[in-house]
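Asks: Here the protein sequences line up with chains A and B, keeping their order.
Letter by letter, the first sequence follows residues 1 to 337 in this note's numbering.
Letter by letter, the second sequence follows residues 338 to 506 in this note's numbering.
No lab work stands behind these hints, which were simulated from the structure alone.
Predicted, not measured: the structure shown is a model, and the values here were computed from it.
Idealized CB from N, CA, C, for every residue including glycine.
Honestly, I wouldn't trust all of these hints.
[Stated by the list, open to error] Here are the simulated DSS-like cross-link-like pairs (lysine-lysine), alpha carbons at most 25 Å apart as the crow flies:
#: 1; chain 1: A; residue 1: Lys250; chain 2: A; residue 2: Lys279
#: 2; chain 1: A; residue 1: Lys206; chain 2: A; residue 2: Lys56
#: 3; chain 1: A; residue 1: Lys56; chain 2: A; residue 2: Lys86
#: 4; chain 1: A; residue 1: Lys206; chain 2: A; residue 2: Lys183
#: 5; chain 1: A; residue 1: Lys86; chain 2: A; residue 2: Lys250
#: 6; chain 1: A; residue 1: Lys279; chain 2: A; residue 2: Lys86
#: 7; chain 1: B; residue 1: Lys400; chain 2: A; residue 2: Lys56
#: 8; chain 1: A; residue 1: Lys38; chain 2: B; residue 2: Lys383
#: 9; chain 1: B; residue 1: Lys400; chain 2: A; residue 2: Lys38
[To be verified] Simulated restraints on C-beta separations:
#: 10; chain 1: A; residue 1: Pro217; chain 2: B; residue 2: Thr379; range: 43 to 53 Å
#: 11; chain 1: A; residue 1: Arg46; chain 2: B; residue 2: Ser377; range: 26 to 36 Å
#: 12; chain 1: A; residue 1: Pro81; chain 2: B; residue 2: Asn426; range: 28 to 38 Å
#: 13; chain 1: A; residue 1: Arg52; chain 2: B; residue 2: Ala468; range: 55 to 65 Å
#: 14; chain 1: A; residue 1: Asp333; chain 2: B; residue 2: Gln443; range: 41 to 51 Å
[To be verified] From the derived model, a few chain A residues whose C-beta atoms are all more than 10 Å from chain B:
#: 15; residue: Gly64
#: 16; residue: Ser99
#: 17; residue: Lys250
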Amino acid sequence: MNRFEYIRPATVADAIAALNETAARALAGGTNLVDLMKYDVAQPSRLVDINRLPLKSIEITSGGALRIGALVTNTDLAWHPDVREKWPMLSSAILAGASPQLRNAATTGGNLMQRTRCYYFYDPSTACNKRQPGSGCSAIGGVNRIHAILGASDSCIAVHPSDMCVAMAALDASVEVEGPEGKRSIPMSGFHRLPGVEPERDNTLKVGELITSITIPEPDFGPYHTYLKIRDRLSYAFALISVAAALRVKEGIIQDVRIALGGVAHKPWRDSDAERSLKGERAGTQSFAQVADCILRDAKGQGDNDFKIELARRAIVRALEQAAAGTPQDQADKSIH
Amino acid sequence: MNQIPHHPQIPISLTINGTLHELEVEPWVTLLDLLRERLSLTGTKKGCDQGQCGACTVLVDGKRINSCLALAVSRDGAEITTIEGLAENGELHPLQMAFIERDAFQCGYCTPGQICSAAGLLAEGHTHSRAEIREHMSGNLCRCGAYTNIAAAVEDVLMPRIAAKEAAE
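Could you build the full structure based on these sequences and the hints that come with them?
Replies: Written out as C-alpha cells, the structure is:
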C-alpha cells in the first residue's frame, strides 16, 4: 500500500474541499478502496475519511420517495422495514451481493463507486486502459469469461460489479451529489457511463464531488418484481448475469415494465426502447422472449463469454416470469422457479 | 512506493474485548494488522487479506466485519470483540462449545472467523433456517470443507434461542 495523507473532516463542506485534488479519494466502508490500495491499483495521495459526516439516515420524503444517506450501510438499507415493504427489489438485490461482513461495512455511496472486478484491472503487471490509460486492454483476446456483452469498446470490456445499482437503475434512482460548484442530481442512467475511449472514468462525477444521498421514487409494482442473479457459485460471487425486473399488468396486458441487467456492461443496462415495445403486449413467455431478443440485439461476445448472451436471454425471460407471477427470487433458498 | 520523510502517527482509542487502548497508528495500518502485530491478539487470522475468506472477521460495535479491509484509524472510538473476548468468566461462548461438540473444524484456521461471524449472525436476528444459516455464513470460507458441521454448530445455538424468543412472545 502506498503512503498517503489522512484527513477526517467533520462537515460535508470540509470533505469537498479536501477532495478537490485529482488523486484524493473518499474513504467510507473501505471494502473496495482498501482492497485496491493493497494491490497498488489505487494509489491515492490523500484519503478523506468521510465516516464522521452526517449522511447516515434513511428517510421517506414528503413525496413518498426513499432518501438514503450515502453512508448508510448496505446491511442497514437492505433490512430497513420501509425498504423491505415498499422497495423490496432493492433489498433483495443488496442481499444477493457480497457477504454479511462486507455489507456491514460497505456503504450506499461506496457501492455506487465500486470498481470493476476485471482480473486485469486488478493485476498491475498487465496492460489495462482503465487502470493505466493508453496501456491497452488485456481482456480483449485474453481471458474474458466475466466480461461485457453490451456497450463495450475497443478500449475496455469490463463490467460494473454491483447488484444494488442494478435495482436502483430499474427503480429510476437519482444520485444527489455536492461539489465545489454546488449541488446537483444525476439520474442513475447518467451516473455510470460506457467505457468509450475513456474507460478510466467509471462515472460522471467531477473532481471534488461527493455523493451525499440517493433518492428513489416509490414504485407501484406491488409484489410483481424480482432480482434474479446467476453466478458460478450459489453465494458470495459476482453476477455473470443479473436481472432486475418489475411489471404492472392489467387483465393480462402489460401496462409498465422495468428491466435492468447486471454483469453485462460497464454500467447497469437499461433499454427504454425495448421496455416500450413490451407495453400493450400480453404478458407471457412469448412477449418476454421477444423483449429479451430486443435488449440483446447488439450483444457481442468476446470468446470466453459468448455463453452470456444466451444466459442473459434465458435470465430475462425467467425474471419476467417471476415478476409476472409475483414470486420474487428468494436470496436464501437458491432454487430458481 | 512513494517515499515520504516521516510516518505520521494518528492517535486513536479502541475498546478491545472490554479494555480501552490509547494508540498511535500510521493511517495505512489495517485493524487486522493492529490486532495481530501491535496487540498480539493473534486469534484473529489473516487468510486472504482481501476480504474474500472471512478468517479475519471481528465484531465492531457488535457487527461482524472483515478486519483486513478496515483501516484502524477509520474505526477510532469503536468497541471491538475478537475471538479472545467471546468467553465470559472463564466459560466458553455457547458457539465455541457447539463448535467443539460438533467437531466443526479440521485445521482450525478459519474457526475464529467462523465463530465471530456466527456471533454476529445471532445478534442480527435475520436467520431462521439451515438455508439461511448457510447463506448468512457464506462470507466465511473453510478450505477443509467442514461446512456441514459448522452449519450444525450454528444451528445448535440458534434454534433454542429462536424457540425461547417465540415462547416469550
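Asks: Now look at each hint and say whether the structure bears it out.
Replies: Against the structure, the hints come out as follows:
Under the criterion of a C-alpha separation no larger than 25 Å, the hint pairing Lys250 (chain A) with Lys279 (chain A) is consistent with the structure, at around 11 Å. Between Lys206 (chain A) and Lys56 (chain A), the direct Cα distance comes to roughly 23 Å. Compliance with the 25 Å bound is thereby established for this hinted pair. Taking the CA atoms of Lys56 (chain A) and Lys86 (chain A), the gap is near 20 Å; set against the 25 Å cutoff, the hint holds. Using a Cα cut-off of 25 Å, the hinted pair Lys206 (chain A) and Lys183 (chain A) holds, with the two alpha carbons roughly 12 Å apart.
A C-alpha spacing of about 20 Å is found between Lys86 (chain A) and Lys250 (chain A), which places the hinted pair at or below 25 Å, so the restraint holds. Distance check on the hinted pair: Lys279 (chain A) and Lys86 (chain A) sit about 23 Å apart at the alpha-carbon level, within 25 Å; holds. For the proposed pair Lys400 (chain B) and Lys56 (chain A), the alpha carbon gap of about 16 Å is at most 25 Å, so the pair holds. For the proposed pair Lys38 (chain A) and Lys383 (chain B), the alpha carbon gap of about 14 Å is at most 25 Å, so the pair holds.
A distance of roughly 24 Å separates the Cα atoms of Lys400 (chain B) and Lys38 (chain A); the hinted pair therefore holds under the 25 Å criterion. Roughly 50 Å separates the CB atoms of Pro217 (chain A) and Thr379 (chain B), a value that falls within the hinted 43 to 53 Å. In this structure the supplied range 26 to 36 Å holds for Arg46 (chain A) paired with Ser377 (chain B), their Cβ-Cβ distance being about 32 Å. Between Pro81 (chain A) and Asn426 (chain B), the C-beta spacing of about 36 Å keeps the proposed range 28 to 38 Å intact.
Checked against the given bound of 55 to 65 Å, the beta carbons of Arg52 (chain A) and Ala468 (chain B), roughly 38 Å apart, lie outside it. A beta carbon spacing of about 28 Å between Asp333 (chain A) and Gln443 (chain B) contradicts the range 41 to 51 Å that was offered as a hint. Listed as outside the interface, Gly64 (chain A) is consistent with that label: its C-beta sits roughly 26 Å from the nearest C-beta of chain B, beyond the 10 Å cut-off. With 10 Å as the threshold on Cβ separation, the claim that Ser99 (chain A) sits away from chain B is violated: the shortest Cβ distance comes to roughly 3 Å.
Taking the minimum C-beta to C-beta distance to chain B, about 35 Å, the non-interface status of Lys250 (chain A) holds against the 10 Å cut.
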